[in-house]
Every structure is written in structure tokens, then in C-alpha cells.
Amino acid sequence: MIYSILNHLDRKGLIRHASAHCDIPCGIYDPGPALIAAVSVVRLMDIAHDGASDDPVALANLRARCTLRKEEEAEKVKQEIRVIWGDYFKAPLLEAHPNVHGLVHSIMQKASACKQDVHREDGLALVELVNEFAELFWKTKSVETVRKTCPYPPQLKLVYPVLAD
Amino acid sequence: MRPVLSPGAFALFKRQAAYRDGDVVLVDHPRFGRIVKRAIDVTAERLWLEGANARSVSRESIGPVARDHIRGKLVYQIERGT
Chain A
1 MIYSILNHLD RKGLIRHASA HCDIPCGIYD PGPALIAAVS VVRLMDIAHD
51 GASDDPVALA NLRARCTLRK EEEAEKVKQE IRVIWGDYFK APLLEAHPNV
101 HGLVHSIMQK ASACKQDVHR EDGLALVELV NEFAELFWKT KSVETVRKTC
151 PYPPQLKLVY PVLAD
Chain B
1 MRPVLSPGAF ALFKRQAAYR DGDVVLVDHP RFGRIVKRAI DVTAERLWLE
51 GANARSVSRE SIGPVARDHI RGKLVYQIER GT
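Protein chains in written order, with the working numbering: chain A, 1 to 165; chain B, 1 to 82.
Be careful, since some hints might not be right.
[To be verified] With a straight-line cut-off of 30 Å between C-alpha atoms, the simulated DSBU-like cross-links for lysine-lysine are:
1. A/LYS157 - A/LYS139
2. A/LYS90 - A/LYS157
3. A/LYS12 - A/LYS141
4. B/LYS14 - A/LYS148
5. A/LYS115 - A/LYS12
6. B/LYS14 - A/LYS12
7. A/LYS139 - A/LYS76
8. B/LYS73 - A/LYS12
9. A/LYS157 - A/LYS141
10. A/LYS12 - A/LYS78
11. A/LYS12 - A/LYS76
12. B/LYS73 - A/LYS141
13. A/LYS115 - A/LYS148
14. A/LYS90 - A/LYS78
15. B/LYS14 - A/LYS90
Don't read these hints as lab results, they were simulated from the structure.
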């Protein structure tokens with residue numbers, strides 16, 4: 001009864017709202033998998049371009065595999081980023097970081113461009129966008145980040161969290 | 001803030017001259033907006049905030065909050081079905 005009365009007043013906009021949300025059910029979010037997938041896109045482009053073989057069938061097979069895996073890795077980037085954006089970022093974080101929407105949209109667009117073609121500059125741009133997203137994500141956790149060259153081809157600069165222990 | 005506050009609950013907050021550790025407070029947070037959290041490590045100038053749930057955003061993420069951002073202490077609540 002009392003709740004119903006208050007609910008009625010609330011619907012009339014007479015009661016101010018406050019957020020008391022907790023984190024999501026599992027609470028485990030990390031942009032790392034998205035970064036690895038983005039780097040994989042560049043690597044697969046490189047292999048597709050540089051792959052050589054005297055056997056034209058073997059070369060066609062190599063490029064077909066690269067294309068297939070590139071498609072999958074680019075889609076993984078989109079999926080990983082969508083989940084963090086959609087599940088982890090809630091109203092207070094979105095208000096504090098309004099640029100996240102534009103950044104996520106850019107990642108979606110660039111990942112699609114990487115699927116459509118084999119332009120290395122698109123792959124590099126995708127890595128950079130996901131790096132920016134990773135920096136933003138860790139900032140919301142008050143965790144410092146550093147850009148280091150990943151210890152595997154194509155040896156691009158990636159964002160890593162600087163963890164206390 | 002489960003189990004202290006249920007989603008959709010109506011809560012009454014009262015401004016206090018002083019706040020103590022463990023008080024559930026309404027805060028106008030500069031980053032997170034209007035939020036409800038538990039006060040901890042309260043000093044004359046500032047306090048820290050934490051959720052009641054183990055999965056809450058960490059106190060480090062919320063950061064220290066100046067006393068003048070506190071709007072009141074939870075004194076009464078009405079949950080859905082009351």
C-alpha cells in the first residue's frame with residue numbers, strides 16, 4: 001500500500017532517484033581478449049600478403065585460411081567490446097566517459113572494414129582504437145596502463161594494465 | 001547495495017551533523033552521480049565508500065569523497081510489496 005502510493009508519486013516525477021548498483025553478476029571484464037583478437041587481424045593480413053608457395057593450391061589454401069580466421073578474429077573484437085560496453089559500463093560510468101559510445105562505434109566500423117578487405121592500415125587502426133578502449137576501461141578501474149610492444153608478431157604497441165601484484 | 005537496499009526500494013535519507021563508519025549514505029559523487037553506498041574510514045574532511053555486495057565497484061574505483069558531497073544518512077526504506 002505505502003509502496004504503491006510512493007510508486008504513484010514516483011511516476012509523477014516527485015521522487016528523486018539514486019543509483020545503488022553493484023557490478024554485474026560475474027564482475028569479470030578485461031579488454032585483453034579484444035586486443036589479442038585485433039592484433040591477430042593484423043597478423044593474418046600480413047600472412048595473407050606475405051605467404052608464398054610454389055604450389056598455387058597450397059597458397060590458395062593459406063589465404064583462404066587467413067581470410068576465414070581474420071573474419072573470426074574481427075568478429076571476436078566486436079563481441080568482446082560490445083559485452084564490456086553493454087554490460088560493464090553503467091549510467092555513472094557512461095556519464096563520466098561519454099566518449100565511450102563514439103569509440104565503440106568506431107571499433108565496430110573498423111572491425112567490419114577489416115573483414116571486408118586486407119588493408120593493413122585498417123588493422124593497425126583497429127588495434128589503436130582497441131588500445132584506446134583498453135586505456136579507458138582501466139581508467140574506470142583506477143588502474144594505470146602502459147603501452148609495450150607485444151612479444152610476438154606483428155610486434156605492435158599494446159596497452160597493458162600495471163597491476164600492483 | 002543488496003542486501004541493504006533492494007532494487008526499486010524507496011529510501012528516506014536525513015542530513016546529519018556527523019557521519020560514522022557503517023552509515024549508508026546518499027552521495028552526490030562527482031563521477032558516478034547520485035549514489036547510495038556505505039561510508040567507511042570517515043574523517044572530518046572526507047570518507048570512503050563501498051557497496052554492501054562483494055561484487056560492488058571497489059572503494060578504490062569510487063575514490064575518497066569530500067564531506068560536503070554527502071546528502072544524508074539512510075534512516076528508513078520501503079521495499080516493493082510493503
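Here is how each hint holds up against the structure:
no. : hint                : verdict
1   : A/LYS157 - A/LYS139 : holds (18 Å)
2   : A/LYS90 - A/LYS157  : holds (29 Å)
3   : A/LYS12 - A/LYS141  : violated (36 Å)
4   : B/LYS14 - A/LYS148  : violated (50 Å)
5   : A/LYS115 - A/LYS12  : violated (49 Å)
6   : B/LYS14 - A/LYS12   : holds (23 Å)
7   : A/LYS139 - A/LYS76  : holds (23 Å)
8   : B/LYS73 - A/LYS12   : holds (25 Å)
9   : A/LYS157 - A/LYS141 : holds (21 Å)
10  : A/LYS12 - A/LYS78   : violated (40 Å)
11  : A/LYS12 - A/LYS76   : violated (44 Å)
12  : B/LYS73 - A/LYS141  : holds (27 Å)
13  : A/LYS115 - A/LYS148 : holds (26 Å)
14  : A/LYS90 - A/LYS78   : holds (19 Å)
15  : B/LYS14 - A/LYS90   : holds (27 Å)
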